[in-house]
Amino acid sequence: MPAVMTQVSWSELAEIVGKDHVRAATAADAVDGVTPQMVAEPGTAEDLARALRWAHDASLKVAPRGGGTKMGWGNPPAACDLVLSTARMNRVLEHAWADMTVIVEAGCRVADLQKALAEHGQRLALDPLWPEQATIGGILSTNDSGSLRARYGSLRDLVIGVTVALPDGTLAKSGGKVVKNVAGYDLGKLFIGGLGTLGVIVQVIFRLHPLPRASRSLSFSGTPASLNQLLLAIRSSKLTPTGLQLRAAPGGAQLDIRFDGTAAGIEAQVKQVQPMAGSVAAADAPANVWTSHQAIWNGANPALVAKFSVQPSQFAGLCASVERAAGAQSLSWSVVAQSVGAGYARLEGNEQAGGEQGLRTALVSLRDEVAKLGGTFVALGCPVAVKRGLDVWGPPSDAQPLMVRIKQRFDPDGTLNPGRFVGGI
Amino acid sequence: MENRILNEFRAIVGAAGLITEREELSTYECDGLTLFRVLPLAVLLPTSTEQVQAILRVCHREKIPFVARGSGTGLSGGALPVTNGIVITLTRMNRILEVDLASQRVVVEPGVMNLNVTARVASDGYFFAPDPSSQQVCSIGGNVAENSGGAHCLKYGFTTMHVLGMEVVLPDGSLVHLGGRTVDPPGYDLSGVFVGSEGTLGIATKVILRVMKKPEVIQVLLAAFNSTNEAGAAVSGIIAAGMLPAAIEMMDNLAIQAAEAAVHANYPNCGGLLLVELDGPAPEVETLMDEVAEVCTKCGAWEIRVAQSDAERARVWKGRKAAFAAVGRISPAYIVQDGVIPRTALPHVMSEIVRLSSEVGLRVANVFHAGDGNLHPLVLYDDAVPGQVKVAEKLAGDILRLCIKAGGSITGEHGVGEEKKAFMAEMYAEPDLATMQLVRCAFDPENLSNPEKIFPRPRLCGERPGVYEPHPLEVAGVAERF
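Those protein sequences? They're chains E and C, same order as listed. Start counting the first sequence at 60; every next residue gets the next number (this note's numbering). Start counting the second sequence at 79; every next residue gets the next number (this note's numbering).
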């Protein structure tokens, strides 16, 4: 029954997606060290669904791919034969600006979508990582977000409809192009953050927001503890920032706050926030401050970037834990946290430090410490060797058996991204 | 129901928690949608998660279908009992378990009333944002089941955006925790899937809610227009100007008359009434309120009032919040619908509603959440006139079809329930529905949890769904029952 690879008739795939859109994979297509055989780029949702079904019927394992910026997230795949790329499915299909909705294909790059929306003074109120490369399908599958989340929520709050292709070739949609809709189950929720393990997202409908009329950002400098207090005070005030972020590194810590809206509204809020900070110094924030969540991924040495999620009141404690764990392994560290409670921590080795073993030891101890706080600490970017033998997602919850049942219903033969998701899903 | 099972249920919830007398059972034979009635075999009123688990274990073993029920205010028959099934009422699980204002979390049992959450945190300046019109009596468990909205979800979103996690008893009696106190827990967002599943995936026994800080200033503007089209143009103008009000509500003349008759809201007698609520920092609200007034004037508003104090605002909202019930003053009976359309389709859909209603000779009063295109047409009829209820039901159904055709939805906040399941096959294609069934089968393979709701054609979970092949729709037959 298991198909021997030599028996796979790739010409059938070429017939489905067109012979110019199938090619042999290279090392650059590897997913965490697992190199697929082929890469296919279907041009339509229907072709993608047919290609997926063909791969399923041929017992091939499939990794969906958008811009390819986050292919290293998750556990290394148990197997990967075919990369199914959405790169050609990149159209903005309908921007109903008066209704503030947009229908977009999954392979559209985030920055391209934003550019199209800006023509009518609107935006997708989300600032994910690497918007120039990342695609809509990719940010959904990884549930990516940034500082705008403080005001506009995450993808689960912005997606109003999805169309997905399942391994049996079914194309299914849920939701629609109205912002308010409770008809049927919300399948979008399953696919946001599902890491492409249930199906391939082919089309998404978003609710949109107006571009801000004006914007101003401030940064406060202090200790993680004093800035955590200020962050909580701002959260419990009547201020309505659209970004509130805590940054910390051995050199010190900053709290960044952004106000959008009318000039008068911004000015009034700036006046209110300054006395709240007391003796903590404020300055206009540098222009790149809101891409700090992206900058934390940059560096030359072997490093680990983890996504953590804790209560906003626990940021200072988290920074202290990261500093301790890093110190024990002679690693450098930094943290960027968004006020909703999620953020990234970076641990980086150097010539003297213990390298991959040090990163791994720090990761394991931090996972335990954050779990004790009731939070999670998920290794996203790191050398494959650091991941081996552990589940990067952390220990499974009591809902794991239910998640396995969901996976079995949607992808009974484990065609999609086998092994990459929680608990080996 | 067999005595041995009833005895087992009695042992779980106590004699005071079990209802089997016919007269008492009749209280539970319907919810807020009274057109459908089914008498349950028994009603159980558990007081703890453990009791809910024990009840569901019995149901699972004996294959007894169950329907969870909160306050019974639902408007789509979601809590309608099933024949040969039991009703599990969560009203006795009504404790607020934890208030953590530093993290803006409140943990509640499902029987807690919506408004009681806000009442508990209001003195600290917080509120729970979802505000269905029934918020004084509806329960959080019901809000979770229906993914309830309300006038202010234009800005603040629906229940799902304010639920971080929950404890759920699955239909086999096992306990799982979905979501959590912190955002983005690893794994599928099953909390997000559960909210709005209308009781078909299990029973939530604890819910972690997000509460929000009250805005600095809230103002509501009331504007009178000659027609809903003029009012609709003003809505578009407000949105196009890049504003996101907390709420934009519209009423037509018939709805205004009803509200006046019922609560003397002192609304101007006009063809289209708009309520626009703005909130936020004071200088911002003032600037934008001037802009809203300007847009309304440009679009033909001949009277504009701005309510600034809490008392004034409450008065303005009173007529709107009472609108459904108020229609009882001008008609012996009525059907409430809950369609959604892209906002820009409003003029077309409104004129079609007028055409359809005049064709059959029934009046339709219209109350909208205009900002998000959620229509609440109220089809008025006289139940004393033989056959008129059928005409009204058909008209209500035709209005839903208009919404589907306009690219909208058959329900914005009331749920599909029993009432609109036939329309699911018109709104969604067969593969869409089959894919939704995959979710149900993962949670409830025996199909015991509120079966026969939402979906027009139940599918056995043993069946493996195949690729879509068009099959003759049974729509004609099913749609008749509406």
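Keep in mind that the hints are not guaranteed to be accurate.
[As the list claims (entries may be wrong)] BS3-like cross-link-like pairs, simulated, lysine-lysine; straight-line CA separation at most 25 Å:
id : chain 1 : residue 1 : chain 2 : residue 2
1  : C       : Lys233    : C       : Lys291
2  : C       : Lys292    : C       : Lys141
3  : E       : Lys297    : C       : Lys284
4  : C       : Lys291    : C       : Lys396
5  : C       : Lys292    : E       : Lys330
6  : C       : Lys141    : C       : Lys233
7  : C       : Lys233    : C       : Lys472
8  : E       : Lys330    : C       : Lys284
9  : C       : Lys483    : C       : Lys472
10 : E       : Lys330    : E       : Lys297
11 : E       : Lys297    : C       : Lys468
12 : E       : Lys431    : C       : Lys284
13 : E       : Lys297    : C       : Lys472
14 : C       : Lys468    : C       : Lys483
Read the hints as simulated data drawn from the structure, not as lab findings. What you are looking at is a predicted structure, and each value in this text was computed from that prediction instead of being measured.
Task: Restraint check for Lys297(E) with Lys468(C), where alpha carbons must lie at most 25 Å apart - done: violated (51 Å)
TODO: Could you grab the alpha-carbon distance between Lys297(E) and Lys284(C) and see if it respects the 25 Å cut-off?
DONE: Judged against 25 Å, a Cα distance of about 29 Å means the pair is violated.
TODO: Mind checking the alpha carbons of Lys141(C) and Lys233(C) for me, to see if they're no more than 25 Å apart?
DONE: It is violated: about 43 Å lies between the C-alpha atoms, which goes past 25 Å.
- [ ] Below or equal to 25 Å on CA atoms is what counts here, so check Lys233(C) against Lys291(C).
- [x] holds (14 Å)
- [ ] Mind checking the alpha carbons of Lys330(E) and Lys284(C) for me, to see if they're no more than 25 Å apart?
- [x] violated (41 Å)
- [ ] Mind checking the alpha carbons of Lys330(E) and Lys297(E) for me, to see if they're no more than 25 Å apart?
- [x] At roughly 13 Å apart (the allowed maximum being 25 Å), Lys297(E) and Lys330(E) satisfy the hint.
TODO: Measure nothing beyond the straight line between the CA atoms of Lys483(C) and Lys472(C); if it is 25 Å or shorter, mark the hint as holding.
DONE: holds (16 Å)
TODO: Assess, step by step, whether the Cα of Lys297(E) is no farther than 25 Å from the Cα of Lys472(C), and give holds or violated.
DONE: Answer violated: Lys297(E) to Lys472(C) is near 48 Å, above 25 Å.
- [ ] Decide if the proposed pair is consistent with the structure: Lys291(C) and Lys396(C), CA atoms, cutoff 25 Å inclusive.
- [x] holds (23 Å)
Open item on the list: Next pair to validate is Lys292(C) with Lys141(C); report whether the Cα-Cα distance is within 25 Å.
Closed with: violated (47 Å)
Open item on the list: Between the alpha carbons of Lys468(C) and Lys483(C), is the straight-line distance 25 Å or under?
Closed with: holds (22 Å)
Task: Lys292(C) paired with Lys330(E) [C-alpha distance capped at 25 Å] - done: holds (19 Å)
The structure does not agree with the numbered hints 2, 3, 6, 7, 8, 11 and 13 stated previously, though it agrees with the rest.
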